[in-house]
Every structure is written in structure tokens, then in C-alpha cells.
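S.K.: Given the structure of chain X, go ahead and fit chain S onto it with the hints provided.
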Amino acid sequence: MTAEPGGYGIVATGHALGEPSNVADLAPRYTKDLQKIQDWGYRTFHRAGEGTGLTDLAAAAGRRALERAEIGAEHVDLVVLAMADIAEYLYWDPAAAVQGRLGSRGAEAVLANQACSAGVVAFDLIAGKFATHPEYRVALLVAANRVCETYWNRMESNTSIASDGAAAAVLVRGHAECQWLATEVITEGRYAHILRLPGGGAAHPFTGQGPGPGIVTNPFDRMEDHFVGDVRAMLQFSRQVRTNIRDVVLRACQRASVAVELVRYVLHLNDNIRALTSFAEDIGIEVGRTNAEISMDHGHLGAADQIFAMGKLLDEGRLEKGDVVALTSSGAGMHWAATLLRV
Amino acid sequence: MATEWEVRVAVEEILASVLYESPESLRAHPALACHKWDSVAVMESFVRLEKSLSIRLDLRAFRAARTVDDVVGLVSQIAR
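Protein sequence lines, in the order shown, are assigned to chains X and S.
In this text, residue positions in the first sequence follow the working numbering: the first is 1, and each later residue adds one.
In this text, residue positions in the second sequence follow the working numbering: the first is 1001, and each later residue adds one.
Simulated from the structure, these hints should not be mistaken for laboratory data.
The reader is advised that the hints may include incorrect statements.
Here are the computed lysine-lysine pairs in the BS3-like style, where the Cα-Cα straight-line distance is at most 30 angstroms [stated by the list, open to error]:
#, chain 1, residue 1, chain 2, residue 2
1, X, Lys36, S, Lys1036
2, S, Lys1036, X, Lys129
3, X, Lys36, X, Lys312
4, X, Lys129, X, Lys321
5, X, Lys36, S, Lys1051
6, X, Lys312, X, Lys129
7, S, Lys1036, S, Lys1051
8, X, Lys312, S, Lys1051
No experiment lies behind these values; they were computed from the predicted model shown.
Just chain X, same shape as in the assembly:
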């Protein structure tokens, strides 16, 4: 399948990260299980300063990408903000706020909120917008993450160390480099409740009286709660998590008519080294052709991992023309997603 009629390519990327923080130094602040942190292999993660919100990071990354593309913000037709975390306010559209901050007046703003998969899924959304709006020429995809430590423990609430940062890509219709080829998504809504904050939403509003909204507990405990301690069901789910990511990559390759063996890099979410090693085995690729090293140096940037890693590979000249790169993710929802790009 060709990229037409929604065909586009990445002209430039940019990013904005929180301050680099040494994992070994700060781990005791977040967890008692220091052995786990050592096993995860992370060296550095990023924390934004107080007062720096998700849209601050998003706008900075978007601005940087546009500068590098030498395209003025006023020429952007579509702004897509992908996020997994919580923005600064409720009843507020952070995508529109980013559009406003960038000065892309008149650009349509869309929020992609499929948790950690949002940055990968958004490529398909943009292809659709290009297909239904022939006048759109420039899209800005920004993926951002800003941990709210009241709700999320950076080293306990997931199997990765959560970082603050944003990555953006300027996507131009018909651009022949870093072309979007295909995106595939698998969604299993029956697992929607596995990742959720118990309080603070409309079901249990936070009133300031009684217990607070709570904190997202570790994934294993959440899985155990969801499956009411049925370890066989938990095991089946965990296996499905792994087979679905392989399946979604295969589906994307089929849709793009690309042999899976020809995929040069697979850029997954910035998970821990043990999980990424298993992931590489499942996909049938050497771990050196994943984002493993980038992950260890930066931590998990929510929905921004894949765009950030793609930008790093491009900046470091590690990709050659014609290389196929897969951006992949699994995220709360549950969603599994794969986007293929040809450099």
C-alpha cells in the first residue's frame, strides 16, 4: 500500500525534556525496592521543575521541531497532542492550549489520549485528517508527558521509570522522506479498568473531605485486583499482551506490504531492559535494534517515547534512506499499536 491519499513524511523533529536525574541517587525517594530498580537498568530519567506543565513541554518541543523544519507556526494546519498523563487542568483542552501557545491560529487541534499508545496511534489519525482535508499541508504531532507525583509514583506505578518530556514531529503532505506507511491498532476494552485512578473522576469526585483520589498502584497489584487473584487469568492476559504486540507489528507490515524481516529498527515504549529484551525476542529482532539504550538514558516519556527515539536516530545519522522503522506501543485501554515509517 502506498501512503496516498493521506501520504506524508517527517520533515523534522524536536524535543524538550525535564532536568536529567540520576536514577541511583533518587531511587530511594520513590521506592524501597532498590533491587528492582537496579534490575530495570535505567541510568537517567527526567524531571521537570515545579511550575512546568505538560503543555509547557509540548509547546517547547513543538516550537523546536518547527524551527528545525523552518516552517512558521502560522503555516500549521493541524496540531495533534498525544498524551498519557494528566494535563494542568480539568475541563480544559490541552491540544487547543498548545495550538494557542504556538501561535498556530486557525489550525485544527486534536487530542489523542490512548495512554502510552497515543503517539503511535496519532500517525493514523493524521493520515485520516490529510485524507479528508485536501487543503491540509502541515501537521504538527506533539507527544508529551508530565508526571503528577500526587497520582503517579515514578518508580512504582508502572514497570518503567516515568520521565517528563515531550517530542514533536513536523509532518508534511507528500514529503518523500520518513514517509508514513501504515498504522495498526488492537484495542481490548475489556481491560479498560486495569489502569485507572480510583478517585477524582465523576464516579468518585474528589471533594477535599474524606480520602483523597489515591495513587496508581503497581501494575501487578492492579492486574491481581482486576482478575480477583485468578493467576491463570492473569497469566493468560500477560501472554496476550506479548502476542498482541507481535500481531500488531505483523498487521502493519502486511498493510504496508513490507516483509517484517526488513524492519531495521523497532522503537517501543521506553520500558525496562528486561521487558525490552523479552519484547525484542518476541518480535524477532536484536535488542540493539530497539530503543533499549535510549530508554536507559531517558526513562519512559509516556506517549512521547517513539517520536523521541525516532528523532534521536535521525539526528545521530543511524538511519539510511529506505530503512523501515516500526514505532510500537502497548498502553492502558488496552491498546497495542504499530506505525511503520520508511526513511
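M.R.: Same frame as chain X, now just chain S:
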């Protein structure tokens, strides 16, 4: 009722199978973190041990195990 020896043999065999290692390799490197001890391996071992020894294990205690001896100790408390 299994003897301690039977428990150890069963634990080593099951862990070795789940981790794609030999029992000898597990004895040489008893720290589970040296092997592919991820969440799937934890649950797979848990399910297989419960079935093989006809016992009920505590998942949270099982997850806290760091070495083969930890697992043998946990299982022995219940199986013996």
C-alpha cells in the same frame, strides 16, 4: 506431603523449564534476577507449582522471592 528433597526437585525442575535453563544452571546462579524472571515467569511458575504439588500458594509472598532457595522455602512451608 512432599519431602523437602521432593519440593526442591519440583521447584528446580519447574523454574528451569519456565526460565529455559537447566537445574544445574539455576544451582550455579540461584538469584532469579540472573535469569528471565519477569511477571510472566513468576505467574507461570506459580501456576505450575500449584498444579504439580496440589498446593495453594500466596502470590504476593511468591512475587517477593528473589532466589531459588526463597521459592523452595515458600513452597516447603505449604507442601510439607
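S.K.: So, for every hint listed, does it hold in this structure?
M.R.: Each hint tested on the structure:
Between Lys36 of chain X and Lys1036 of chain S, the direct Cα distance comes to roughly 13 angstroms. Compliance with the 30 angstroms bound is thereby established for this hinted pair. Among the hinted pairs, Lys1036 of chain S with Lys129 of chain X is inconsistent with the structure: their alpha-carbon atoms are about 43 angstroms apart, more than 30 angstroms. The hinted pair formed by Lys36 of chain X and Lys312 of chain X meets the criterion: a straight-line CA distance of about 27 angstroms does not exceed 30 angstroms. For the given pair, Lys129 of chain X sits about 26 angstroms from Lys321 of chain X by alpha-carbon distance, which is consistent with the 30 angstroms threshold.
Taking the CA atoms of Lys36 of chain X and Lys1051 of chain S, the gap is near 28 angstroms; set against the 30 angstroms cutoff, the hint holds. Of the pairs offered as hints, the one joining Lys312 of chain X and Lys129 of chain X holds, with about 27 angstroms between alpha carbons and a cut-off of 30 angstroms not exceeded. With a C-alpha separation of about 22 angstroms, the suggested pairing of Lys1036 of chain S with Lys1051 of chain S holds against the 30 angstroms cut-off. A C-alpha spacing of about 48 angstroms is found between Lys312 of chain X and Lys1051 of chain S, which places the hinted pair above 30 angstroms, so the restraint is violated.
Hint check: violations occur at hints 2 and 8; the rest are consistent with the structure.
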